[in-house]
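Q: This is what each chain is made of:
Protein chains: 2
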Amino acid sequence: MEIPVTPKTTRTAFVALIAALLLTAAPARADEGMWLFDNPPTQLLKQRYNFEPTAAWLEHLQKASVRFNSGGSGSFVSADGLVMTNHHVAADALQKISTKDKDYIRTGFHARTRQEEIRSVDEELNVLYSIEDVTARVNAAVKPGVDSAAAQQARRGVINTIEKESLDKTGLRSDVVTLYNGGRYSLYRYKKYTDVRLVFAPERDIAFFGGDPDNFEYPRYCLDVSFFRVYENGQPAKIEHYLKWSAEGAKENELTFVSGHPGRTDRLNTIPHLEFLRDVGNPVSLNLIRRREVLLTAYSARSLENARRAQDDLFAYQNSRKARLGMLEGLQDPAILRQKRQEDEALRAAVRKDAKLEPAYGKAWDDVAAAVKTYRSIYMPHYLWERGMAFYSELFSTARGLVRMAEETAKPNNERLREYSEAGLESLKQQLFSEAPIYNDLETAKLADSLSMLIETLGAEDELVVKVMAGKPPQQRAAELVNGTRLGDVAVRKQIAAGGVKAIQESKDPMIQLARLVDPVARQLRQTYEAQVDEPMRQAYGKIAQARFAVYGTNVYPDATFTLRLAFGQVKGYSENGRPVPSSTTIAGAYTRSEEHGGREPFALPKSWIDSRPRLTLNTPFNFVSTADIIGGNSGSPVVNRNGELVGIIFDGNIESLVLDFIYTDTVARAVAVHSAGILEGLRKVYRADGLVAELTGRRQ
Amino acid sequence: MEIPVTPKTTRTAFVALIAALLLTAAPARADEGMWLFDNPPTQLLKQRYNFEPTAAWLEHLQKASVRFNSGGSGSFVSADGLVMTNHHVAADALQKISTKDKDYIRTGFHARTRQEEIRSVDEELNVLYSIEDVTARVNAAVKPGVDSAAAQQARRGVINTIEKESLDKTGLRSDVVTLYNGGRYSLYRYKKYTDVRLVFAPERDIAFFGGDPDNFEYPRYCLDVSFFRVYENGQPAKIEHYLKWSAEGAKENELTFVSGHPGRTDRLNTIPHLEFLRDVGNPVSLNLIRRREVLLTAYSARSLENARRAQDDLFAYQNSRKARLGMLEGLQDPAILRQKRQEDEALRAAVRKDAKLEPAYGKAWDDVAAAVKTYRSIYMPHYLWERGMAFYSELFSTARGLVRMAEETAKPNNERLREYSEAGLESLKQQLFSEAPIYNDLETAKLADSLSMLIETLGAEDELVVKVMAGKPPQQRAAELVNGTRLGDVAVRKQIAAGGVKAIQESKDPMIQLARLVDPVARQLRQTYEAQVDEPMRQAYGKIAQARFAVYGTNVYPDATFTLRLAFGQVKGYSENGRPVPSSTTIAGAYTRSEEHGGREPFALPKSWIDSRPRLTLNTPFNFVSTADIIGGNSGSPVVNRNGELVGIIFDGNIESLVLDFIYTDTVARAVAVHSAGILEGLRKVYRADGLVAELTGRRQ
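Chains A and B, in that order, give the protein sequences. The first sequence maps to residues 417 to 1117 in the working numbering. The second sequence maps to residues 417 to 1117 in the working numbering.
One or more of the hints may lead you astray.
[Claimed, not checked] Residues of chain B placed beyond 10 Å of chain A at every Cβ, according to the derived structure:
id, residue
1, Glu532
2, Val537
3, Val558
4, Asp584
5, Thr586
6, Lys608
7, Arg737
8, Gln758
9, Leu763
10, Arg764
11, Lys789
12, Thr1033
13, Leu1096
[As the list claims (entries may be wrong)] Listed next, the stretches of chain B that the computed footprint assigns to chain A, with coverage defined by at least 3 CB atoms under 8 Å from CB atoms of chain A:
id, region
14, 710–722
15, 879–889
16, 1009–1021
Worth flagging that the hints you see were computed from the coordinates, not collected in a lab. C-beta atoms are modelled at their ideal positions from N, C-alpha and C, and glycine is treated no differently.
Required output: the full structure, derived from the provided sequences and hints.
A: Here it is as structure tokens:
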């Protein structure tokens, strides 16, 4: 939870939230749900809004929706491959094409011709083409009675195989997705775009107006949008399904839809699993986030160039910090946990009194608890060695990728670790061989900090820690690794990759040697995690999901998995401490808020906005809120109306929405979007982006 | 360790440092030592510099030295009670007299007449008048063979009694100080000043030029000075011992002395005790520091007024973070720990082969190890409940102070907790009844964050945690406590204090009730700590100290204890990565560095300095370094020459000096000071502070 300027507000909001939760009994609440496109909330929409989406309506929205694999959502907005997303989603690509002399995050960018569009370094966009239920085949591969290690291996093997078969058959990116925490397995096939070119981005100061203080807050005044264009064979891709632009945009009380890729929720978690997040998961993450935020802030303060180098990482950590704090405040609220417990126990009681359900699923809750207990016991070593938190370094990640790719690709596909399976190799290589810039000073600072954390956490006498440190203190060891490795050179990476296992074994590169040194322990921890935590949880949650289907019906949505979902909700204000918060803001509000803060960072408006103020229609809607059910990963999701027209783009949720990780509420929680009218007004009058406007509005010049 | 812009530099520096350490065999190195005024380094000074300080020389320097009880050092610089310290030491007082409309830290202050001098809210200054060895009496009170709880009680009792007797006899503040970790007890008598008025402070931007990036770095360009005047009976105090100003100031290679109050070192610690700092003490502190730095940074970003409210706390945490990181980098360096181990083992071996020493002191090392082990086992509960880290709130501290003062003062003096003994009550009340402003929004944010940490650390189900939280999440509980308490009003505090135990027991104030709720557990932890950690350590370190005296002689200095010490060293540059670093900088350098950073924060110079540039003699020395042995707490210490004239004022140490906590080195470690000539130049030409200059230079108008 962020520090409230007016603590009373938040307090009251939380009281209201809890009151609302306690009144609710049914498993789905109001506009709740991150629905699957192959199991949409048809009934709910009919009941609540008398709206029945047709198959064509759904297919159009699905195929107009885009996933940014760097972590976000977007949509096609023209027939010529134009994609809209948030500026803060584009930031990853902007950072990677920026240099000391050209900081695209800060200054923005505008290609007035196709020739001026800049290709991103390693961006991959996915468009969902089809969904196929493969649950039966996945579960059939796991023979009854085998231990969980064998079960895990069999499951992983069949998933790798399914993906490879699908890739070979269709040429489409093929991912087997685990839904309902293991209740269903679906094969998602994506059209993939890797030639992704930057068309337009506004300046950071208007895209992220209000900065960290206003992040996860509302009212807001941000032009958090950017545009890319996808190319195929050197030409703009021809897109059949793209969203028509609504010049009027979202209106108060209107039903809207959000089609995007929520990253992760924990709503189906049992109580011990939520307690684990409260006691271990979130606190450990927050400690890491804070230490990296402090590290990057201190690094950034040294010079503008340092600040430029670290800005995308720093934003990511600040953003995560606020998100995690909001989640933790919810998890540390006994009233919310009580509500979750009641819901969990209601389902369990229903199972218990059913003679068929109880023997089939009754034990599953204990199985989750046991898996969670195991996870607690290996959490920190697994976090440090296998998840790599001991090595906060792009160069180390590259080294590990090379080491493992060599070893894994030497095995049959069905025996490989998931991320080295045949179907995913192309995408993996796009990342491993990325030309994204690496700064040795920043790498050294980051790696030294994480090595220090490693010593603090596992102890200076831990056998592997001693080997990793090689008798040196963190700064010195980090500098020697970063300055000694040649992995900054992509040609070197490719050469090593081409040499296979032999090249890895013979490599004198210190980062490769480090990655090799820790790999046996890291792999062992992974094996323990997969066999004793992940697999038992899949099995147990699979059962709980079946129980839920049996008790509540199958028209329920799974937790978020960074796959395409449909949410819906009304454009609606709310009341905070008795004070009404309107459903939308206007462009005028940005100027007012900037003036209230004397035009100081992060409330400084860019020169372009100051200069164009007289031209703007100041009462144009700028940002708005709705009750749609979203979470991180939904950033950049299109908001559409009943006609499927684009009326806005999601870029945030308010503070009160952060508990949506584990519980839905619409009392005060809101999704925050940029309004389509505000976007057009800015493009037209601030940026004079006539070509882009014409393309968006279908009146190409 | 701060993130180095050039990692190579630090690496090389460390290599050089370690090489130097390994070459050294004797227990004292070069200009090492924070010496006692009643055991000065006479022999060493004679040998190295052919200088023999007389008793009068020492007494003059001692009585011209001032301790700021808010945490720092200073000196008398005129016969009329003028005291010089650092701006960053004055910051505590500046913060407390500042308001929304007048931010003295940022803008500085200049009283051109006595009438304009502003009285600080709760500052207390101490001047050391006498030292008396009371070791025999303290140790005699501890009867042989009693258990450590009884020993601790007896020791505490006799110390309280000695202080009270001394206060009654002399009227002077009387503190029994533990030296050599328990090897000696000395009674320090201080003249106390509580009417402390602000005379002059420069703007923050020149006092702390370079901000966090340049903190603990060198070369530096800071006017980190401020002036107060102490009053007695409403008149400027008449001061016999004050330092004469050297207009020329420190010169290259000159022998200089530093007389100040180093806060704490750990050089006499045995290896398990150092490992404890490496594994527990420093990492726990750093986690706390980082979380508070992030909290205060986020709070500050919301508005200029927020930034003003939090600035002194935020600076303190940023400062601590860099200091602790430097210490931890040293502790995590196997080479340094090896050196410490060799030294420790050399002493132990000498004891072992001595038939008298071994039976008397041989077991002491194991006793320290055992006490450290116990401390590890209670560290976090003790840290949270007794040291109060669970309650990051001025209002809570006040509540606890009131609760304990009522209970303790009802007991005989010799049974009281140390901080409530008769001799210290007056100083305690000065703090408890301070009119320093308290901001409820900031208090709420701080308290909520620490409550969240409490839940994270001890668990949401801990019995006392559950009671503390009262069924609410952290933000809500913090807001209800802060908004519910009336302790913001000093009159209310005084009323409760006057009512004694009864008033406490009957109080409905939620903060008082909270302090009462946690007090039994907190006191129990304190009792365990004092009886099973502190007392055994005192006894064991007392023995190790005796062993050290027997082996190396008594001319050794104890670890720092925030009491007056004498250090010495040469004004001397050093070599960093083969590049010479000069011993002093000039005023011109400030302008150059500011320009290199485009005049941006924290490298922005204040308007006064920009405007007065043409008037300044730009090659005037500004800052300089020496090999003197200093640490945090020495901030504001006068630097004097052989004639006892003031040539500078300590304000920092470089990054490489941070290991001085546990090991001295002069290879690259340096104390950083403002040069007396630079101060005069600034006062004369930037601030036109003619009256102040006349007073400093003895040419009063």
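Q: With reference to the structure, classify each hint as holding or not holding.
A: We went through each hint and held it up to the structure:
1. Glu532: 29 Å, holds
2. Val537: 25 Å, holds
3. Val558: 36 Å, holds
4. Asp584: 48 Å, holds
5. Thr586: At about 47 Å from chain A, Thr586 of chain B clears the 10 Å cut-off, so the statement holds.
6. Lys608: 38 Å, holds
7. Arg737: 7 Å, violated
8. Gln758: Holds: least Cβ distance 16 Å, greater than 10 Å.
9. Leu763: 23 Å, holds
10. Arg764: 21 Å, holds
11. Lys789: 15 Å, holds
12. Thr1033: 29 Å, holds
13. Leu1096: Check passes; 31 Å lies beyond 10 Å.
14. 710–722: It holds: at least three residues are needed, and the region 710–722 of chain B offers 10 whose Cβ sits within less than 8 Å of chain A.
15. 879–889: holds (count 4)
16. 1009–1021: holds (count 4)
Violated hint for the displayed structure: number 7, the only one.
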